[in-house]
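These are the residues of each chain, in order.
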Amino acid sequence: MTTMTDPPKASFRLSQLIYDTRYRSYTFQFIALILLAALMAYLGANLVTNLADQGQNISFRFLAEPSGYDINQRLIEYDSQSSHLRAAVVGVLNTLIVAFLGCLTATILGVVAGVLRLSPNWLVRKLMAGYVEAFRNVPVLIWILIIFTIMSAVMPPPNAFRGDNATASMVFDAFAFTNRGVYTPAPIWGAGSLVVVLTFLASIIGVIYYRRYATRLLYDTGKLLPMGWPSLVILFLPSILVYFVMGQPISLDYPALKGFNFSGGLHIRGSLIALWFALAIYTGAFIAENVRAGIQAVSKGQTEAAASLGMRPNRIMKLVILPQALRVIIPPLISQYLNLTKNSSLAIAVGYMDVTGTLGGITLNQTGRAIECVLLLMIFYLTISLAISAVMNVYNQSIALKER
Amino acid sequence: MKKTVFLGALTVAGLVGGAAAAATLDDVKARGKLNCGVNTGLVGFAAPDANGVWEGFDVAVCRAVAAAVLGDPTAVEFVPTTAKTRFTALASGEVDLLVRNTTWTFSRDTDLKFDFVGVNYYDGQGFMAPKALGVSSAKELDGATVCIQTGTTTELNLADFFRRNNISYEPVPIETNAEGQQQYLAGACDTYTTDASGLASTRAAFENPGDHVILPEIISKEPLGPLVRHGDNEWGDIVRWTLNALISAEELGVTSANVAELASGPTDSPEVNRLLGTEGNLGEMIGLGKDWAVRMIAAVGNYGEVFEKNIGEKTPIGLARGLNAQWTDGGLLYSPPFR
Amino acid sequence: MSHDNIAFHRKHMLPEAPPPVTETGAIKWLRENLFSSIPNGILTVVSAYVVLTIAMAAAPWFFNGVWDSPSLSACREMLDGRTGACFAVLTERWNQLLFGFQYPSRLYWRPTLAFVLLFVAIAPVLFIKYTPRGLLVLTGLYPFIAYWLIWGGSIVVPVVALLGVLFGAFVYRRTMTASAGVAVIAGIVAAMVFWWAAGAVTAGLSGVMALEPVASRDMGGFMINLMLGVICVSLSLPFGILLALGRQSSMPIVKWICVAFIEFIRGVPLITLLFVANVVLAYFLPPGTTFDLILRVIIMITMFASAYIAEVIRGGLAALPRGQYEAADSLGLDYAQSMQLVILPQALRISIPGIVNVAVGLFKDTTLVSVISMFDIVGMIRGPILASTEWNGVYWELFGFAALLFFITCYGISQYSQWLERQLQTDHR
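Chains A, B and C, in that order, are what the protein sequence lines are. Residue numbers for the first sequence follow the numbering used here, beginning at 1 and rising by one. Residue numbers for the second sequence follow the numbering used here, beginning at 1 and rising by one. Residue numbers for the third sequence follow the numbering used here, beginning at 1 and rising by one.
Hints were generated in silico from the structure; no laboratory data involved. Be careful, since some hints might not be right.
[As the list claims (entries may be wrong)] A few chain C positions that, by computed beta-carbon distances, are all more than 12 Å from chain B: (1) Trp109; (2) Gly134; (3) Phe291; (4) Asp292.
[Claimed, not checked] Capping the alpha-carbon separation at 25 Å, the derived lysine-lysine pairs in PhoX-like fashion look like this: (5) B:Lys33 / B:Lys290; (6) B:Lys29 / B:Lys290; (7) B:Lys113 / B:Lys290; (8) B:Lys113 / A:Lys258; (9) A:Lys318 / A:Lys300; (10) A:Lys258 / B:Lys139; (11) C:Lys28 / A:Lys126; (12) B:Lys221 / B:Lys139; (13) A:Lys318 / A:Lys223.
[What the hints assert, rightly or not] Which bits of chain B does chain A cover? Going by a derived footprint, with three or more residues having C-beta under 8 Å, they are: (14) 76-88; (15) 117-131; (16) 134-148; (17) 153-163; (18) 166-174.
Beta carbons: idealized from backbone N, C-alpha and C, even for Gly.
Next up, chain A with everything else stripped away, as it sits in the complex (with noise of 0.2 Å):
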């Protein structure tokens, strides 16, 4: 290489942008770089004159207005005299409490499901296959759709508890299933509760510590220290006594019926029920099979030489075949979580009020401003769909073998 000069600068010619691959790729660039300004001008360009036309501009200042409409379920302070703004911070906490409690309930199902797949049972086997297979093969809208029917067709009006010959009753006259959604008893906190609250975590971290440090007692000493009870004990027999104590500050407010509703108590609509239920069960599906592939994805081999050392079963699955598992799974279970995310913009169809439902929806239609809320909507799956994968890059780093 080292021999060879380069070309003289003189017998450049133009030919040579096309044939020459050292300056071709410049070409094709620039070509690429003019065609996508030109589009980019082009829209642009169209953009303006439409919105010329139509005596329109792009602003945001209908975010301060006052939004007009009410929202069901809200976790800040909103009526309808807040503004725009505030009803699209209330959709996006709730499009987050779904995506939340759905990840939460499709790891769960997930993992069962995709254990149980291996199972040595043949009819959990096949029920698991069942399972997988309806889920995976019919779109989540028809589920959501589903399950929002067996909500709000199927189980009794709140009237139906009411009068001496009601048809529906209370389960421990705490819980109402209605056609409206579930009544849940809901905390009170009272004075004081904040130190049971804080006991009750001071002991969550005295489990993990306790467990370490019985974990390192038998690699170092090969003593064997109780792990179960021990831990039960040191989760709830604190904040119980605390709770006592201080003279039981948390107490619980049940739902009663009043008027055409329930009240009191914790209200879970049947629209976020549809929407959470539908999304477990079917990003459910999905991860079971991720997590059947990853623990297959461990070789036989594996299994062999653990149980050659004389491991038991439950330990071999502990510690050898679900360390290496993870890393097969996690990286398709997390790209699952954002798929789980994205797809609670169904909310819609259901009316659930997500960020689709109230700035994607309401707002776009009452303030006709569909450019700036569809721009503002994809802003922030985006935010979130870029800060989960991140997150997927940074672990993937964290995990990839070290090889030599």
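Following the hints, complete the assembly by docking chains B and C onto the known chain A.
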């Protein structure tokens, strides 16, 4: 807009819709079809029957415009729109005309850059509740669950009404009237609120309409009317005067039955003559033929006929004329003179 | 050691005894598969109980089903208090579920024929090993025939479109020797010019062999789901390949354009893209033009699918050993040749399962168009059918039917994909 035939053929095939240049009238004539935005399904106002033929009070306005402009009441392409998509469909030129029980409001007329050409139904927002609920007034609805179509003026009125009366409610947002109906019948909400005419129409589709009552309160003014894009005044005039001609025809006693006879020669009523083109040249002033109103009335009838046929007291919907009677009968319908 | 010290010495073999009952046949199978341990046994009993309960509840509902009735109330009367399904809604609204409520009923044969032809056209691709190469011509012709059948109009339109494509491909072939990129651009430009010129020439032929035209907004039902699925997946394949190659490219600007596009599309839900198609896209078109909603939706879904397919193919490209790229280079092949002859055939083969997954996912996602007031099968069910006086309240039969249609299609596709994966295994495992 001139196109090559290849693109033209594609237009026929429906891939590339018609162009919406400034002159809507020319486009409609060139296309030979009127694109009319209507409700996705509201019995009596706009709904396809079992054979897929659109019928209803709003549909009749579309057909009247098509008959006046194209001479053929069936030359209409009905575009079903939801509360959410209707304004975009009109603004983008996907439809030439929107007749979808849309309330005439200040901001829609000005900020959204549309022109309401008139009112074809004076309405107000009401509540419907099952009889079994035992409610006799909307003010007794404290704590009730209310089904409400999103993206409509009714949603805003509802919030105002409950705030003004200082009572609480739980909104259940829904997208279309069909969903609202299902939710309400399933008992997922205590009461359904929309325009009173919409309630009557929805109730008419129930299996047992008698089990449901429409509460007496009307909590808002909802003048429903056809609208067109702002800026094309010529087209706006055509739609406006088509609607006025429907109303005038009833006032003057011109019906689909007698229109042919009245139009055969000048009658002794000058206004009828001007309307039917046997005197003067009103039709040509708006770029249509002399007999535009004749074609239209022969095709769909006058306002009263359209009303009685689609939503009147003899239909399952059973709406009384009320505010929608002619001004001579104590109603609000008042067409400017044809002169 | 002598034999005398042994107390007993068998002189002959014992006859072979049959294995114990618990170790043969059904009982062995039951023991091993259902009752291998106590927890397993409990699990079996519980699952069997659940399955039986569901089956017992569903059986009368299914077998008492009424298949012929004009309305729900009439159907309930026929059932006379028994549990039973009203499948009559399916028979009565069959055409609406499949074709929507506006497609002219006398023309139902056209989409049906197009659907049947789809299998003829797709078979040579699906079973490429078992069918002669020549049949691929059918696949190439299919889009144009199907377009003509479904939308109607003059046959000149699809014929001109086909000739334009052929002309473009011809120009691409001829300019290949210069450079791949130039050839792609030249091919596209040539096709455009051809269509433009042909449009002028065939001006008077719009009535030739014309089928009755049908506007796309008159289409609905399951037909729309199938159409969107097939069209968008086939269109997104070439775009996906280009995007994947662009993302792997060494040219930074091209690479970043592709990365930005892919990540943007993958980061937002399909529903926001449909909102764009529905309410925003019109602002970005030249003033005065409007696209049909269905075309706007096709554009957005194709963009959506392209990004996902690009990622799958990128995975395939990355999985190829480095040696393949180097081998192609060392043979003196240029970029286009090495891609076309060496890299892509292998990369695409690896990517097939992924592509099929994307296709199935996309097909399921076509139901989302019901949210933007298109009457696909879900839109038909939620709108005109459930809102009608006759059929208000008949949920399970309708949703069950829609779910079944999707299940059959998607399960079929995924089974095919698994079969193909086994076929394509070139290693000797």
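- Counting residues of the segment 153-163 of chain B that have a beta-carbon nearer than 8 Å to any beta-carbon of chain A, does the count reach 3? holds (count 7)
- Message: What's the verdict on Lys318 (chain A) and Lys300 (chain A), does the C-alpha distance respect the 25 Å limit or exceed it?
- Response: holds (15 Å)
- Message: Check the hint pairing Lys28 (chain C) with Lys126 (chain A) against an upper bound of 25 Å on the C-alpha distance.
- Response: holds (19 Å)
- Query: Is the hinted pair Lys318 (chain A) and Lys223 (chain A) satisfied, with a Cα-Cα distance of at most 25 Å?
  - Reply: It holds: about 19 Å lies between the C-alpha atoms, which stays within 25 Å.
- At a Cβ distance under 8 Å, does chain A reach at least three residues of the segment 134-148 of chain B? Since three or more residues must qualify, the claim that chain A covers the segment 134-148 of chain B holds, with 5 doing so at under 8 Å.
- Task: Closer than 8 Å, Cβ to Cβ, for at least three residues: run that test on the segment 166-174 of chain B against chain A and report holds or violated.
- Result: As far as the segment 166-174 of chain B goes, the hint holds, because 6 residues have Cβ atoms under 8 Å from chain A.
- Message: Does Trp109 (chain C) clear chain B by more than 12 Å, comparing its Cβ with all Cβ atoms of that chain?
- Response: holds (17 Å)
- Message: Is the claim that Asp292 (chain C) lies outside the interface with chain B correct, judged by CB distances over 12 Å?
- Response: Since the minimum Cβ distance to chain B is about 5 Å, Asp292 (chain C) lies within 12 Å and the statement is violated.
- Query: Has the segment 117-131 of chain B got at least three residues whose CB is nearer than 8 Å to a CB belonging to chain A?
  - Reply: Not satisfied, violated; 0 residues make the cut.
- Message: Check whether the Cα positions of Lys113 (chain B) and Lys258 (chain A) lie no farther apart than 25 Å.
- Response: Outside the cut-off at roughly 46 Å; violated.
- Task: Would you check whether the claim that Phe291 (chain C) is not at the interface survives, using Cβ distances to chain B and the 12 Å cut-off?
- Result: violated (6 Å)
- Query: Under the criterion that the straight-line Cα-Cα distance not exceed 25 Å, is the pair Lys258 (chain A), Lys139 (chain B) satisfied?
  - Reply: With Cα atoms ~16 Å apart, Lys258 (chain A) and Lys139 (chain B) stay inside 25 Å; holds.
In the structure shown, a violation is registered for the earlier hints numbered 3, 4, 7, 8 and 15, in ascending order.
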